[in-house]
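Build the full structure now, drawing on both the sequences and the hints.
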Amino acid sequence: MRIYFLCFLLFSFSFSFFSQENKKNKWKEKVELSGFVKYMNTASVVDLDSLITDNLIHNRIRFKAYLSDKITTVIEMRNRIFYGEVTRLNPYLGKQLEKDNGQVDLSFVSLDRSPLVIHSILDRAYMRYSDDNWELTVGRQRINWGVNLAFNPNDLFNAYSLVDFDYQERPGVDAVRFQYYGDDMSSFEGAVQIGNSFDSSVIAGLWKFNKWKYDFQFLAANYFKDIAIGTAWAGNIKNAGFKTEISYFQPKTKFFESDGALSLSSTLDYSFKKGTYINASILYNSSGKNKPINSSNLFQTFIGDISAKSLMPSKWTYFGQVSGVFNPALNGSFAVFYMQGINLALFMPSIVYNINDDWELMLTAQSAFGELNTKFQSMGSAIFLRTMFSF
Amino acid sequence: MMKKISILIILFSSLNIYSQTALEIIHKADAKLRGESSYTEMTITIVRPKWKKTMTMKSWSEGTDYSVSLVTSPAKEKGSVFLKRKNEVWNYLPSLERTIKLPPSMMTQSFMGTDLTNDDLVKQSSMVVDYSHKIIEEEIVEGLNCWKLELLPNEEATVVWGKLIVWIDKSDYMQLKVEFYDEDEELVNLMNGYNFKMFGNKKLPSKIEFIPLEDEGNKTVIEYNSWEFDKEIPSNYFTTQYVSRLK
Chain A
1 MRIYFLCFLL
11 FSFSFSFFSQ
21 ENKKNKWKEK
31 VELSGFVKYM
41 NTASVVDLDS
51 LITDNLIHNR
61 IRFKAYLSDK
71 ITTVIEMRNR
81 IFYGEVTRLN
91 PYLGKQLEKD
101 NGQVDLSFVS
111 LDRSPLVIHS
121 ILDRAYMRYS
131 DDNWELTVGR
141 QRINWGVNLA
151 FNPNDLFNAY
161 SLVDFDYQER
171 PGVDAVRFQY
181 YGDDMSSFEG
191 AVQIGNSFDS
201 SVIAGLWKFN
211 KWKYDFQFLA
221 ANYFKDIAIG
231 TAWAGNIKNA
241 GFKTEISYFQ
251 PKTKFFESDG
261 ALSLSSTLDY
271 SFKKGTYINA
281 SILYNSSGKN
291 KPINSSNLFQ
301 TFIGDISAKS
311 LMPSKWTYFG
321 QVSGVFNPAL
331 NGSFAVFYMQ
341 GINLALFMPS
351 IVYNINDDWE
361 LMLTAQSAFG
371 ELNTKFQSMG
381 SAIFLRTMFS
391 F
Chain B
1 MMKKISILII
11 LFSSLNIYSQ
21 TALEIIHKAD
31 AKLRGESSYT
41 EMTITIVRPK
51 WKKTMTMKSW
61 SEGTDYSVSL
71 VTSPAKEKGS
81 VFLKRKNEVW
91 NYLPSLERTI
101 KLPPSMMTQS
111 FMGTDLTNDD
121 LVKQSSMVVD
131 YSHKIIEEEI
141 VEGLNCWKLE
151 LLPNEEATVV
161 WGKLIVWIDK
171 SDYMQLKVEF
181 YDEDEELVNL
191 MNGYNFKMFG
201 NKKLPSKIEF
211 IPLEDEGNKT
221 VIEYNSWEFD
231 KEIPSNYFTT
241 QYVSRLK
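Line order of the protein sequences matches chains A and B. Quick note on our numbering: the first sequence kicks off at 1 and runs consecutively. Quick note on our numbering: the second sequence kicks off at 1 and runs consecutively.
Derived by calculation from the structure, the hints in this document are not laboratory data. Hints are all accurate, no fakes.
Sample of chain A residues at the chain B side, in silico, Cβ under 8 Å:
(1) Arg142
(2) Leu149
(3) Tyr181
(4) Lys213
(5) Asp215
(6) Ala234
(7) Asn239
(8) Gly275
(9) Val325
(10) Asp357
(11) Glu360
(12) Ser390
(13) Phe391
The beta carbon of each residue, even a glycine, is placed where N, CA and C say it ideally should be.
Written out as structure tokens, the structure is:
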């Protein structure tokens, strides 16, 4: 399976080069190259007397070629250079990064010499055929079915966490995706994330339409070891936005005897005059925990282990965000996650300064407070200073 | 008695004609800007006393209900799309590959940091349907003979302005100047059109500036690099499914 997939990708690469040869004069119309380079300095505080720092140079290269009116190839590469004290403290970082979860190994660690690790991965590599009312996409791609900002129970293929602010693009999945577009914003979509067996694959269908000024969607899937069904809507209550996503997962083994898992998220958002925006969301995860977890590895629980089935470790999670524009160059936001039961709060203030059209400076902090061994205390903070150049 | 009545009738009917004309003028100016459908390429510059930002955009529109705009530069925002269908608005973010439906309250917000609101960009028909119109005098603007019109919002209209004063030139129905007053009749924003050019067979201002008067040194300048009218636009351009395919 892996080999077929690789052959297909190689074929698409070579095909793209051949067709460019023939039409050199239209080079610019046919090929788009863009991306960014970021430098981020992280200072992590566990206790006030121990501060450790780390550095990350993060580059993304996006390549898009219009091979014909209907065929597009997209390849995106993520390159990162880690160096500093945190990198030194994790001797397994290189090994962890090397692993590619897809069907084809497109992840490479080119240097792993503590405290310096260089990692590259192709997280998009697909070909797309687009006709008037249908599209077929094959390869590593992002399939995003979420409608909410904070929590997306419908995002079966690539669950997203706002905590992971430095990787909005998310890893791609190796999949085949077919989209059919009907009238009046209706569409049907089928997608298969190829695994080595039925229980390591996702096979899903999504039906979308717009009615009564609401976007609606329904989905059904073979989701790894579960059967999943879900629905979502996005509309308004007066001038506020109202969005809800629900997914239900039932294990295939002992289908009738076992308990399923419900993942539900609802959001209200509103924009005030002068650019202040507020978002209030709630997430219910029926399989979540309802008491303190006493784990010191916090960020793993926020970012590492999330899936559409379990977006947050707690049964009930509340999210609130206020963002505002001070002037066109400067904007800020303040977000809070609170996990009931686990009794843990995460605060995320952030300021972004647009230096000019291409350069941006961002200062963000993440600070967690929670119950650890029956005491409510600070559970660590990190401050991130990031410079970004887009091209 | 008969004479008095007929004078009154003549007076009323001429008043009626006069107000009809005001509506007609606004209607003509608006219809000229829109056509059945339109395609524009524009450069938007946000000017602040010590800072400046330039964006380029492509926009497609059909009638008053459907419009879609694609940001083509700067690099960081390239590929972002704003889609409007009647009263519904969506925003596509290419880095997330996700389309998010925006709350209606977002419409009164600044469009991407400019001095225009989202409403200003997508709700252009408002001047015709949401206001009552009256010609108050005639003036010369940019060397052209203009009607000066006063627009007052209709009671049921959901508009943010308390009053608009609009200058429209008599030969080409171009909107050369608009004064925006708040509910307390205080002048808050100014719009000027200049650099007249022929776009197809229509003469229009190719540069428009919006000036918020309360902040000195702030303005937004829109320059139309291309403006095509009555071009056939496939209806799927105005769907959430197509936003990632626009180019």
